[in-house]
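Student: For the protein sequence lines, the chains are A and B, in the order given. Everything in the first sequence is counted per our numbering, starting at 1 for the first residue and increasing by one. Everything in the second sequence is counted per our numbering, starting at 1 for the first residue and increasing by one.
None of these hints come from the bench; they were simulated from the model. Keep in mind the model is a prediction, meaning the values are calculated, not measured. Yeah, the Cβ is synthetic: ideal placement off N, Cα and C, and Gly gets one too. Please note that a few of the clues may not be correct.
[Claimed, not checked] Stretch by stretch, here's where chain B covers chain A in the computed footprint (C-beta under 8 angstroms, at least three residues):
| hint | region |
| --- | --- |
| 1 | 64–74 |
| 2 | 94–105 |
| 3 | 115–129 |
| 4 | 158–169 |
[What the hints assert, rightly or not] Label-pair restraints from in silico Cβ distances:
| hint | chain 1 | residue 1 | chain 2 | residue 2 | range |
| --- | --- | --- | --- | --- | --- |
| 5 | A | Asp45 | B | Pro271 | 26 to 34 angstroms |
| 6 | B | Glu79 | A | Thr158 | 37 to 45 angstroms |
| 7 | B | Pro275 | A | Gly204 | 52 to 60 angstroms |
| 8 | B | Glu79 | A | Pro219 | 37 to 45 angstroms |
| 9 | A | Glu94 | B | Ala213 | 50 to 58 angstroms |
| 10 | A | Asn43 | B | Glu79 | 23 to 31 angstroms |
| 11 | B | Asp96 | A | Ala213 | 32 to 40 angstroms |
| 12 | B | Asp45 | A | Asp45 | 34 to 42 angstroms |
| 13 | B | Tyr278 | A | Arg258 | 53 to 61 angstroms |
| 14 | B | Gly24 | A | Pro246 | 26 to 34 angstroms |
| 15 | A | Pro246 | B | Gly23 | 20 to 28 angstroms |
| 16 | A | Glu79 | B | Pro180 | 42 to 50 angstroms |
| 17 | A | Pro246 | B | Asp45 | 49 to 57 angstroms |
[To be verified] Computed from the model, here is a short list of chain B residues facing chain A with C-beta under 7 angstroms:
| hint | residue |
| --- | --- |
| 18 | Leu72 |
| 19 | Thr108 |
| 20 | Gly230 |
Protein chains: 2
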Amino acid sequence: MRSLASHPAARGLEDDAAVLEVGGEALVITHDMMAEGTHYLPNADMADVAWKLVAVNLSDLAAKGAEPLGVLLGHMLGEGDDRFLAGLREALHEFDVPLLGGDTIAGTGPRAFGLTAIGRATHSPVPDRRGAKPGDVIHLCGRIGEAMLGFEAMRDSTGADSAAYRRPRPLIEEGQALAPLAHAMMDVSDGLLLDAQRMAIASGSTFALDSTAIAAIAPPERLDDAMRWGDDYALLLAAAPDAALPVATRVIGQVMPRGDHPLLIDGIPPPVGAPLGYEHRNS
Amino acid sequence: MRSLASHPAARGLEDDAAVLEVGGEALVITHDMMAEGTHYLPNADMADVAWKLVAVNLSDLAAKGAEPLGVLLGHMLGEGDDRFLAGLREALHEFDVPLLGGDTIAGTGPRAFGLTAIGRATHSPVPDRRGAKPGDVIHLCGRIGEAMLGFEAMRDSTGADSAAYRRPRPLIEEGQALAPLAHAMMDVSDGLLLDAQRMAIASGSTFALDSTAIAAIAPPERLDDAMRWGDDYALLLAAAPDAALPVATRVIGQVMPRGDHPLLIDGIPPPVGAPLGYEHRNS
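One chain only, chain A, in its complex shape (with noise of 0.2 angstroms):
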């Protein structure tokens, strides 16, 4: 099935969270949807799912630099409504935004659910992914690989602790903090290769990252499963090589001229066929 971004009446559809310019505010607006044998498994913990809805809403915002208002709900009726609530209020609780409204429906089958956040941007310009410029240095705030051995613990019932994945963080006062200075940021919901490829892309250059950087962030043993492993929501932005970020940060590349290929891996293109990430705009 092919991608609804390749059709005119859906252009925007891929793009970043929105940015719409009210008042003298610069609104930060995103819609994230999760559907049950898709993005969670039917004995997920509803909890949990309700809670990454947030997470992974409010993550889109935090790689604008924005200050969250508040979010509305699109919610279909089910099974483990009550243990959805609960990880809404906790997620809401926890990052400290209101419930502005949204809508409730009954449905058939497997259930989907929406979030739309809503947030105010702290710095203009609102950085986009298409800003890193060759010289910058590539940084990551946060680190990869942690969802899926949290994810590999639920599948395995090994014990060992999930909660990077059943709870994300998204990076919300970070995002802030970095906005002014970066040239071009995004979150790393798809897998670090993958997104980082995309922000080269949009930005029409190169980036060469350095995997005993990423190493230092990542499980060692599994960093390569860890560079294409999505859902742990750090932030990767490019930034002047003199610019001094006033968060924590590991320096994982240098921004290029755009040559034969978007993304270098220790000097050499990722191998032809392996996928760079999760590529959940296809089926």
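Given chain A, work out where chain B should sit, using these hints.
Tutor: Frame of chain A, contents of chain B only:
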């Protein structure tokens, strides 16, 4: 299954569209979902489904006197996506509203879609359903029962016009014109009697409706059904008796001090046990 509204974490979910003050402007934000099997039949033209998804959300903005600024789509990929996008494009073009963003996901089983619409209030205070005062006159802008007839024409393949059901038109300009004079306003999405009762309860008053007046804006031989059918997206409002409304409306009743019943039709409460409209909040 109980409604989510009874849960403290879901407070606000069943209200009007949300109003958010940002930068001296009042933003109006609404989110409605549509699910296969609940809101449309599996054999529906997906172009009509997309149109309706846009229209129902823009109608929520219309009831607030808001000027639409844009929409975000939550789209579950599936059969008929070309038709869905054609209908989406038609509706967005017709009502001159941009697609700001959204999300596309893969799903399994029956599909669900969500749309978030964002508007800018053109009048402050933004009308809601709580402000009707005893002595006010109750108006309806638009007709009721047309969607019912359109639905029946489709269901029975009579060949009669079904556009009112398939392609409802939100009263955006009318809503903006009426907002400065409306003490309370809402769109009639779930049936005139049900929505009138909701406005009466929210306003702490009794709405006394006149069936003869309603018959003039409904198919008279189907008046009883028409008052209980939704999907027409007329605007229900209460205004001072001497208000000179700038667009055509029909006076259908009076606001009275709260009596034993929130709703009277020709002086008597509606029969107990008969539904007043479409209670889509509960299953």
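Student: Confirm or reject each hint.
Tutor: Each hint tested on the structure:
Counting residues of the region 64–74 of chain A whose beta carbon lies closer than 8 angstroms to any beta carbon of chain B gives 5, which reaches the threshold of three, so the coverage claim holds. For the region 94–105 of chain A, the assignment as covered by chain B holds, since 8 residues bring a beta-carbon within under 8 angstroms of that chain's beta-carbons and 3 suffice. With 3 residues having a Cβ less than 8 angstroms from any Cβ of chain B, the region 115–129 of chain A passes the three-residue criterion, so the hint holds. Restraint check on the region 158–169 of chain A versus chain B: 0 residues with Cβ-Cβ distances below 8 angstroms, three needed, restraint violated.
Against the hinted window of 26 to 34 angstroms, the Cβ-Cβ separation of aspartate 45 of chain A and proline 271 of chain B comes to about 44 angstroms, which falls outside the hint. At roughly 40 angstroms, the beta-carbon separation of glutamate 79 of chain B and threonine 158 of chain A lies within the given 37 to 45 angstroms, and the hint holds. In this structure the supplied range 52 to 60 angstroms holds for proline 275 of chain B paired with glycine 204 of chain A, their Cβ-Cβ distance being about 59 angstroms. Checked against the hint of 37 to 45 angstroms, the pair glutamate 79 of chain B and proline 219 of chain A passes, with Cβ atoms roughly 41 angstroms apart.
Here the CB-CB span from glutamate 94 of chain A to alanine 213 of chain B is close to 52 angstroms, well matched to the stated 50 to 58 angstroms. Taking 23 to 31 angstroms as the suggested C-beta distance range, the pair asparagine 43 of chain A and glutamate 79 of chain B conforms, at roughly 28 angstroms. Our hint of 32 to 40 angstroms for aspartate 96 of chain B and alanine 213 of chain A is violated, since their Cβ atoms are close to 49 angstroms apart. One distance hint, 34 to 42 angstroms for the beta-carbon pair aspartate 45 of chain B and aspartate 45 of chain A, holds here, with the actual separation near 39 angstroms.
For the hinted restraint 53 to 61 angstroms between tyrosine 278 of chain B and arginine 258 of chain A, the CB-CB distance of approximately 55 angstroms keeps it satisfied. Distance hint check: the CB atoms of glycine 24 of chain B and proline 246 of chain A are about 30 angstroms apart, consistent with the given range 26 to 34 angstroms. The hint said 20 to 28 angstroms for the Cβ distance between proline 246 of chain A and glycine 23 of chain B, and at roughly 26 angstroms that hint holds. The hinted window of 42 to 50 angstroms between glutamate 79 of chain A and proline 180 of chain B holds, with their beta carbons roughly 46 angstroms apart.
The hinted range of 49 to 57 angstroms is satisfied by proline 246 of chain A and aspartate 45 of chain B, whose Cβ atoms lie roughly 53 angstroms apart. A distance limit of 7 angstroms between C-beta atoms decides the matter here; for leucine 72 of chain B the minimum to chain A is near 4 angstroms, and the interface restraint holds. About 4 angstroms separates the beta-carbon of threonine 108 of chain B from the nearest beta-carbon of chain A, less than 7 angstroms, and the hint is met. About 14 angstroms separates the beta-carbon of glycine 230 of chain B from the nearest beta-carbon of chain A, more than 7 angstroms, and the hint is not met.
Hint check: violations occur at hints 4, 5, 11, 20; the rest are consistent with the structure.
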